[in-house]
Amino acid sequence: MEHNVQDLKDALTARSHTATLDELKSRGRRSVRVIRADDVAQMIDAAVNQAIADSGMMSPQEVEELEQKSREQFHALLERRQAEMVDLRQAADELRGTKAELARMREHDAGTLAEKEGLRGERDQTAMRLRHSETQREQLVAAVRAFEAQRDEALMRVRALEGELAKTQAETPTTVASGMNTDIVYRLMGEIAEMKARSAMPPAPAPTPAPPPVAANPNATADALAGALQQLTNTFTQKLESIGRKMGVSSAVEADAPSLTNLFKHQEGAKLESNLDNLTVKAKSATGIAANLERLKKLKGGG
Amino acid sequence: MTHNNDNNQFGRAQTTSSSASTEVALGKGLDVGTANLAAAVQNSEGGITVTVERNAFLDINADIYSKNMLTKLKVPYVMHNSKLVVVGEAAFELANVFGKDTRRPMSDGLLSPNEADALPIMKMIISKILGEPRVPGEPCYFCVPAESIDVDNNIVYHQGLFEGIVNKMGYTAHAINEAHAVVFSELAEKDFTGVGLSFGGGMANACIAYKSIPCVSFSVARGGDWIDKNVAQVLGVKKSKATFIKERGVDIRDPKNREEEAVAIYYRNLISYVLQNIKARFESGQNMPNFNEPIDIACAGGTSLVGGFIEVFRDEFAKIDFPLAVGRIFRSEDALTAVARGCLVAAAIGE
Numbered sequence: 001m002e003h004n005v006q007d008l009k010d011a012l013t014a015r016s017h018t019a020t021l022d023e024l025k026s027r028g029r030r031s032v033r034v035i036r037a038d039d040v041a042q043m044i045d046a047a048v049n050q051a052i053a054d055s056g057m058m059s060p061q062e063v064e065e066l067e068q069k070s071r072e073q074f075h076a077l078l079e080r081r082q083a084e085m086v087d088l089r090q091a092a093d094e095l096r097g098t099k100a101e102l103a104r105m106r107e108h109d110a111g112t113l114a115e116k117e118g119l120r121g122e123r124d125q126t127a128m129r130l131r132h133s134e135t136q137r138e139q140l141v142a143a144v145r146a147f148e149a150q151r152d153e154a155l156m157r158v159r160a161l162e163g164e165l166a167k168t169q170a171e172t173p174t175t176v177a178s179g180m181n182t183d184i185v186y187r188l189m190g191e192i193a194e195m196k197a198r199s200a201m202p203p204a205p206a207p208t209p210a211p212p213p214v215a216a217n218p219n220a221t222a223d224a225l226a227g228a229l230q231q232l233t234n235t236f237t238q239k240l241e242s243i244g245r246k247m248g249v250s251s252a253v254e255a256d257a258p259s260l261t262n263l264f265k266h267q268e269g270a271k272l273e274s275n276l277d278n279l280t281v282k283a284k285s286a287t288g289i290a291a292n293l294e295r296l297k298k299l300k301g302g303g
Numbered sequence: 304m305t306h307n308n309d310n311n312q313f314g315r316a317q318t319t320s321s322s323a324s325t326e327v328a329l330g331k332g333l334d335v336g337t338a339n340l341a342a343a344v345q346n347s348e349g350g351i352t353v354t355v356e357r358n359a360f361l362d363i364n365a366d367i368y369s370k371n372m373l374t375k376l377k378v379p380y381v382m383h384n385s386k387l388v389v390v391g392e393a394a395f396e397l398a399n400v401f402g403k404d405t406r407r408p409m410s411d412g413l414l415s416p417n418e419a420d421a422l423p424i425m426k427m428i429i430s431k432i433l434g435e436p437r438v439p440g441e442p443c444y445f446c447v448p449a450e451s452i453d454v455d456n457n458i459v460y461h462q463g464l465f466e467g468i469v470n471k472m473g474y475t476a477h478a479i480n481e482a483h484a485v486v487f488s489e490l491a492e493k494d495f496t497g498v499g500l501s502f503g504g505g506m507a508n509a510c511i512a513y514k515s516i517p518c519v520s521f522s523v524a525r526g527g528d529w530i531d532k533n534v535a536q537v538l539g540v541k542k543s544k545a546t547f548i549k550e551r552g553v554d555i556r557d558p559k560n561r562e563e564e565a566v567a568i569y570y571r572n573l574i575s576y577v578l579q580n581i582k583a584r585f586e587s588g589q590n591m592p593n594f595n596e597p598i599d600i601a602c603a604g605g606t607s608l609v610g611g612f613i614e615v616f617r618d619e620f621a622k623i624d625f626p627l628a629v630g631r632i633f634r635s636e637d638a639l640t641a642v643a644r645g646c647l648v649a650a651a652i653g654e
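The listed protein sequences derive, respectively, from chains R and U. Note that this note's numbering has the first sequence beginning at 1, numbered continuously upward. Note that this note's numbering has the second sequence beginning at 304, numbered continuously upward.
Don't read these hints as lab results, they were simulated from the structure. Watch out, some of these pointers could steer you wrong.
[Stated by the list, open to error] Have a look at the derived ranges for each label pair, beta carbon to beta carbon:
| id | chain 1 | residue 1 | chain 2 | residue 2 | range |
| --- | --- | --- | --- | --- | --- |
| 1 | R | G301 | U | D362 | 49 to 59 Å |
| 2 | R | E134 | U | D362 | 57 to 67 Å |
| 3 | U | D455 | R | E122 | 52 to 62 Å |
| 4 | R | A103 | U | S347 | 48 to 58 Å |
| 5 | R | E134 | U | G349 | 27 to 37 Å |
| 6 | R | E115 | U | E435 | 49 to 59 Å |
| 7 | U | S347 | R | E122 | 33 to 43 Å |
| 8 | R | E115 | U | E348 | 42 to 52 Å |
| 9 | U | D455 | R | E134 | 38 to 48 Å |
| 10 | U | A621 | R | E122 | 44 to 54 Å |
| 11 | U | A621 | R | E148 | 28 to 38 Å |
| 12 | R | R159 | U | G434 | 52 to 62 Å |
| 13 | U | G349 | R | R159 | 55 to 65 Å |
[Claimed, not checked] Now the stretches of chain U that chain R is said to cover, found in silico as 3 or more residues with beta-carbon under 8 Å:
| id | region |
| --- | --- |
| 14 | 337 to 350 |
| 15 | 371 to 384 |
| 16 | 635 to 643 |
Remember, it's a predicted structure, so these values are computed and weren't measured experimentally. For every residue, glycine included, the Cβ atom is placed at its ideal position computed from N, Cα and C.
Given only the sequences and the hints, what does the whole structure look like? Please build it.
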């Protein structure tokens, strides 16, 4: 029977062709009738048995025995196929479960990735803020150092001037009441005024050779440095003021930069004859400055 | 030196490609140089447009024939004190033709007291190259030299005077140190840290900057004019002629004749002088920063345009024991406009 079924399948395969569902649809077929090769074989077997019985070549008992044997073979085959079907269904269920698990894992991965990106962005921003703070700190430290150097230099000069003043007073007691030697006074006044002007100027910042770790709050550090700077300025100014009072120049203040606008008022209105207005200015293109601006903005913390 | 033999237009030009995606910002840069005046402005293509004009003029007789001829040839002139004054590059070329010296409104980097009546003419040239402000009070950054360490000069008067001129044109004028402008235009890649040098006509300016902040600025009162004066003396020619020899394409590493030898000698001397002074200023230790890494030295200015300049600079640099570690020594790719571009950067950023 099994052999016959296989032969039948081969015969059917040889005399048939495969058509896809789309092809059938394109031919206007919405449904097809399906018959299993086993059923066809069974029908053929029944027809053959009937033909054998009708032919009288085998006794009815032999036919029945043959039929019984065939039926047993058939049931055995059927059970085997059903067992295979159960296995297939289980495998399909397992595959579906695995796919669902895979989808869940992918979804979880996407969430983790987004979270990681967010953290990376935050890390970059924090690093940028730290760099900016570091630059500010370096500039402030450099400014304080430069100022301290200026202050030390000026204090040394102040001490020297005090010594010189004391010496002059000791050497010329008669002139103290009415004022010291004019040349010395003018020179000392000039030097004190110069020192005052220098102390009023913002110190030039400089880099530090080995920067310490970044402070937790850069604004607090900046404020503290600014406070220290202000304190130094006040101390130095007070010292100068005390010397200045001794010399009678404490009330001296720096004048504003002179305005020179009036230098031109006599020339305004005098329109000169020329042909410049009739000539085109010949311009040229030069290297762009976009990259410079971007860097400068970044450096100043605005980019 | 960039030359333009076409006198039909006012100003000289050269073309370089530039990037094309920058937003056009307000602000203009003005290089008030002894030898050249240059104005820079951002254009709509994302690059910048620079107009350069020689800061010189020449008096000629104010007869009707000369006036007609200048008009016909489109040579820029101004009538001043009953004289016909040819201005800019044309004045320089005419002076060489007639064997005369041009008049120079500035000397040693500052307004020349001998040419006080040249101010209205200079004002007209500046007005022409700078153009009208795009909005009232548009910022205009103009360069001023630093105080010289070898002569006594008055920067305050010079700065105040040009502030007045630029403000009168409808801009809001801001002064910026000339070499600091070089730092802005050339040392971006180094976060604006290093030494900017501007070799101008009247002076050589130096600025040592840290992260765009000028730590030390100073100048020496020697520049292209000093070379011209000395070359003219030793060769027995007019200064304009010496300038012409210098600018006609000399390579100071390989002078070809006596004239070029003279130019090369004084160039080398100028470079050596500037370097020695920078070194001395560093060694004096006043307000000098300490750098963690080697710093770059950027050279710019019209005087640096001569062939072989940067090689000779490096030669002379190697001879001195410079107190700082130096990385790259280079000349700006656009040395003539570097200061104007730096001023423009300052104007655009509102430095």
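These are the hints, each one checked on the structure:
At about 53 Å, the beta-carbon gap between R:G301 and U:D362 stays in the expected band of 49 to 59 Å. Taken as a hint, the range 57 to 67 Å holds for the pair R:E134 and U:D362, whose Cβ atoms sit roughly 59 Å apart. Checked against the hint of 52 to 62 Å, the pair U:D455 and R:E122 passes, with Cβ atoms roughly 57 Å apart. In this structure the supplied range 48 to 58 Å holds for R:A103 paired with U:S347, their Cβ-Cβ distance being about 53 Å.
Checking the proposed 27 to 37 Å range against R:E134 and U:G349 shows it holds: the Cβ atoms sit about 32 Å from each other. Separation of R:E115 from U:E435 is about 56 Å and conforms to the stated range, judged on CB atoms against 49 to 59 Å. Taking 33 to 43 Å as the suggested C-beta distance range, the pair U:S347 and R:E122 conforms, at roughly 38 Å. Separation of R:E115 from U:E348 is about 43 Å and conforms to the stated range, judged on CB atoms against 42 to 52 Å.
At roughly 41 Å, the beta-carbon separation of U:D455 and R:E134 lies within the given 38 to 48 Å, and the hint holds. As the Cβ distance of U:A621 to R:E122 is approximately 49 Å, the hint placing it in 44 to 54 Å holds. Separated by about 36 Å at the C-beta atoms, U:A621 and R:E148 satisfy the suggested range of 28 to 38 Å. The hinted range of 52 to 62 Å is satisfied by R:R159 and U:G434, whose Cβ atoms lie roughly 57 Å apart.
Remark: the range hint 55 to 65 Å for U:G349 to R:R159 is upheld by a beta-carbon distance near 59 Å. Coverage of the region 337 to 350 of chain U by chain R holds in this model, with 6 residues showing a Cβ closer than 8 Å to a Cβ of that chain against a need of three. For the region 371 to 384 of chain U, the stated coverage by chain R holds: 8 residues have a C-beta nearer than 8 Å to a C-beta of that chain, and at least 3 were required. Interface restraint, the region 635 to 643 of chain U with chain R: holds (3 residues with C-beta to C-beta distance below 8 Å; minimum three).
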